[in-house]
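J.: Position 4 of the sequence shown, counted from 1, bears residue number 4 in the UniProt record's numbering, the numbering being contiguous throughout.
Because the hints were derived from the structure by calculation, they are not lab data.
Errors might be hidden in some of the hints.
[Claimed, not checked] Lysine-lysine pairs mimicking DSS-like chemistry, simulated, CA-CA at most 27 angstroms apart: (1) LYS106 x LYS75; (2) LYS75 x LYS116; (3) LYS146 x LYS75; (4) LYS106 x LYS146; (5) LYS116 x LYS155; (6) LYS106 x LYS155; (7) LYS32 x LYS162; (8) LYS162 x LYS106; (9) LYS42 x LYS32; (10) LYS104 x LYS146; (11) LYS116 x LYS104; (12) LYS42 x LYS162.
[As the list claims (entries may be wrong)] Between beta-carbon pairs, the in silico distance windows are: (13) ARG44 x GLY145: 21 to 31 angstroms; (14) GLY76 x LYS32: 50 to 60 angstroms; (15) SER109 x GLY145: 31 to 41 angstroms; (16) GLY15 x GLY118: 37 to 47 angstroms; (17) VAL96 x TRP29: 18 to 28 angstroms; (18) ARG55 x ILE119: 40 to 50 angstroms; (19) ASP28 x VAL69: 48 to 58 angstroms; (20) ALA105 x VAL27: 23 to 33 angstroms; (21) GLU51 x ALA105: 20 to 30 angstroms; (22) VAL69 x ARG35: 37 to 47 angstroms.
C-beta atoms are modelled at their ideal positions from N, C-alpha and C, and glycine is treated no differently.
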Amino acid sequence: EGGVQGYVYIKLPAGLWRLEELRRQGVDWADKALRRLEEIAKARGFSNLLEEYLRPAMEAETVDPRGLVVEDAEKGIRAVIRDVRVVRDGDRPRVVVEYEVNGKAKSFSFIWGMRKEGIVMANVWLVEERAAVLAALTGDQTIRGKRGTVTLYAKHLFALAKYRGVGWELLRWYAEVMRE
């Protein structure tokens with residue numbers, strides 16, 4: 001600022017995510033910092049790496065899940081997602097998914113945690129309709145049709161982060177636990 005040159009040290013990727021969040025809130029210096037970083041990355045040939053690190057934050061909370069229709073013709077399931085939100089359960093995020101099947105309101109939830117090996121995961125108990133809903137939300141079609149306990153990993157967390165009301169809360173928690 002003001003023509004004074006300086007250095008910005010960013011702990012990847014959490015620092016970049018925070019800059020993107022501030023840019024979305026209209027903070028001018030964050031916008032300038034990210035644009036400059038993008039210029040440097042493009043000039044030095046690592047813009048694809050920067051984009052990869054920024055993608056979760058750029059996509060965070062860009063999709064409203066309410067009203068999303070999930071159909072599994074093979075199983076005869078048609079569900080409408082009513083809400084997806086994060087509720088803090090102590091220091092961990094609980095994702096609550098509310099949906100409607102045949103006029104009946106239903107919900108399920110799962111809590112994200114971290115194993116000692118540094119693996120971010122959540123276990124969720126599924127029946128066929130829950131599996132169809134979760135597969136649609138995460139984009140992971142291998143979940144569709146599963147029954148019993150299924151383990152979700154960081155890739156699923158990032159997929160869920162694009163939904164409004166879920167994104168920044170999950171990304172902040174992920175950055176927090178990965179820092180430790």
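J.: For each hint, tell me whether it holds in the structure or not.
T.: Status of the hints after comparison with the structure:
1. LYS106 x LYS75: Roughly 18 angstroms separates the two Cα atoms, so the pair holds.
2. LYS75 x LYS116: The hint is violated at about 38 angstroms.
3. LYS146 x LYS75: 12 angstroms, holds
4. LYS106 x LYS146: With a Cα-Cα distance of about 18 angstroms, the restraint between LYS106 and LYS146 holds, given a limit of 27 angstroms.
5. LYS116 x LYS155: 18 angstroms, holds
6. LYS106 x LYS155: Status holds; Cα separation ~25 angstroms.
7. LYS32 x LYS162: 24 angstroms, holds
8. LYS162 x LYS106: Holds, because 22 angstroms separates the two Cα atoms, which is no more than 27 angstroms.
9. LYS42 x LYS32: 15 angstroms, holds
10. LYS104 x LYS146: 21 angstroms, holds
11. LYS116 x LYS104: 39 angstroms, violated
12. LYS42 x LYS162: 25 angstroms, holds
13. ARG44 x GLY145: 21 to 31 angstroms: 45 angstroms, violated
14. GLY76 x LYS32: 50 to 60 angstroms: 54 angstroms, holds
15. SER109 x GLY145: 31 to 41 angstroms: 21 angstroms, violated
16. GLY15 x GLY118: 37 to 47 angstroms: 19 angstroms, violated
17. VAL96 x TRP29: 18 to 28 angstroms: Violated: the Cβ-Cβ distance is about 35 angstroms, outside 18 to 28 angstroms.
18. ARG55 x ILE119: 40 to 50 angstroms: 21 angstroms, violated
19. ASP28 x VAL69: 48 to 58 angstroms: 40 angstroms, violated
20. ALA105 x VAL27: 23 to 33 angstroms: Because 39 angstroms falls outside the window, the suggested range is violated.
21. GLU51 x ALA105: 20 to 30 angstroms: Roughly 39 angstroms apart at Cβ, these two residues miss the hinted range, so it is violated.
22. VAL69 x ARG35: 37 to 47 angstroms: Once the Cβ atoms are compared, 38 angstroms apart, the range 37 to 47 angstroms for ARG35 and VAL69 holds.
Hint check: violations occur at hints 2, 11, 13, 15, 16, 17, 18, 19, 20 and 21; the rest are consistent with the structure.
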